[in-house]
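Colleague: Read off the chains here:
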Amino acid sequence: MNTRIKQILEEGAVDKVLAYKAVQGFLLPWMFTRENAAELEPWEPNGARYPVVKLLLAEVRKNPHANLGILVRGCEERAVRELVKWRQINPQRLVIVGQACDENLAEHCECWKPYPDQLDYGTACEPIRESRRVAELDAMKREVRLDWWLKQLNRCIHCHGCRDVCPVCFCTECSLEHVDLIPAGKLPPDNSFHLVRAVHMAGRCIDCGLCEEVCPARIPLRALYKKVNDLVEGIFAYKTGGPGDKSPFTLLGEELVLPLNDR
Amino acid sequence: MVTKRFEPKILAFLCNWCSYAGADLAGVSRLQYPFNIRVIRVMCSGSVSPHHILHAFQKGADGVLIGGCHIGDCHYLKGNYMTMKRVAFLKELLNFTGYEPERLRLEWISAAEGRKFARTVRDFTEQIRALGPAISFDAVPLALNFG
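For the record, the sequence lines run as chains A and B.
Per our numbering, residue 467 is the first one in the first sequence, and the count goes up by one each step.
Per our numbering, residue 2 is the first one in the second sequence, and the count goes up by one each step.
If you're looking for bench data, these hints aren't it; they were derived computationally from the structure.
Just so you know, even glycine gets a beta-carbon here, dropped at the ideal spot from N, CA and C.
Among the hints, erroneous ones may be present.
Said to hold, decoys possible - Stretch by stretch, here's where chain B covers chain A in the computed footprint (C-beta under 8 Å, at least three residues):
hint, stretch
1, 611–619
2, 651–658
3, 663–676
4, 693–707
Just chain A, with the same shape it has in the complex:
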């Protein structure tokens, strides 16, 4: 981490860089400035996974005119791009430093792009083209799939953890807290809770999988959102988190590929 990040700090391209620091053997997200740049350690392959883009967004909101840097993985780079498309981050004030994930992590995530385009540390490993879990679910009959999902979703304890950790959940007012739509104090919550979240993830979910890792009820949310991404790709020919500045749900009108054969 010390080479590239130190360089951008010293060049003055950025004021702060969000990277990692080992504290008692654990890598934790850490904000580096020119003052504590000496604490930067050499980069090593690691499996540290935190909602760093969420931390970045909090920093941007606190201090919108600062120039920031961030050390990202493939998924986190996609998150940054989506936030730029949704006008939450100014790309002119952001410098991206990328690190690649190792094969184990890519396998665990069934990640379709386990490396950022801006790659500074590590070597890119082979992406996983197809999700085994989604394929298993697709192969089920619809009634069986409903039972399977009900069994999973009924464990929900309505903690909002999936939303709170999600790097692309940037709204300041959340419809999941609307008591007329999702009654408060009902357990398990209405199934529409998860479906509403899935609808919101259309064109936004960058498949980092933090929602599933944080879920205390171990609901396989990642399978749901992976499918959401597949659907968005199928219907709108849009790969979430790709370069560009358009996303199917950020604009009104016909500019994106639409299912016109439907009607």
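Please build the complex by placing chain B on the supplied structure of chain A, with the hints as guidance.
Modeller: For chain B alone, coordinates are given in the frame of chain A:
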């Protein structure tokens, strides 16, 4: 003994400028259509959030119909494109989570298409009747059946 025919509950979101006027025309033209439909008038089909559709299913609607202006006719120019994107996505999502996507229907009905409105309601009601009551959208506690 005569068994009672299943009467589905259908919720319709109709846009103020086209479909609602179409329904009005069906009324003043004395066109017959089933009574299973409950209409909510909205300013634009694009203002129907997926939340409202899901909430309707959650509250026991057997079918949801969304009526909007034809593409290009939207009073707000491009609202119905958003409806189209949303409904296309939502149908697929419902299918993936095991619900019947046929219970959600999007139809473009202009203010002059009273006949089309009546026909759509007839069609849709028969279709939902054939499907039977909707599977409960409510979370069923499976306390002893965690697996």
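Colleague: Work down the list of hints and note, for each, if the structure agrees.
Modeller: Structure-based check of all given hints:
1. Restraint check on the stretch 611–619 of chain A versus chain B: 8 residues with Cβ-Cβ distances below 8 Å, three needed, restraint holds.
2. Note: the stretch 651–658 of chain A has 5 residues with beta-carbon separation from chain B under 8 Å; the three-residue rule is met and the coverage holds.
3. Here's how the stretch 663–676 of chain A fares: 3 of its residues keep a CB closer than 8 Å to some CB of chain B, so the rule of at least three is met and the hint holds.
4. Here's how the stretch 693–707 of chain A fares: 7 of its residues keep a CB closer than 8 Å to some CB of chain B, so the rule of at least three is met and the hint holds.
Of the numbered hints listed earlier, not one is contradicted by the structure.
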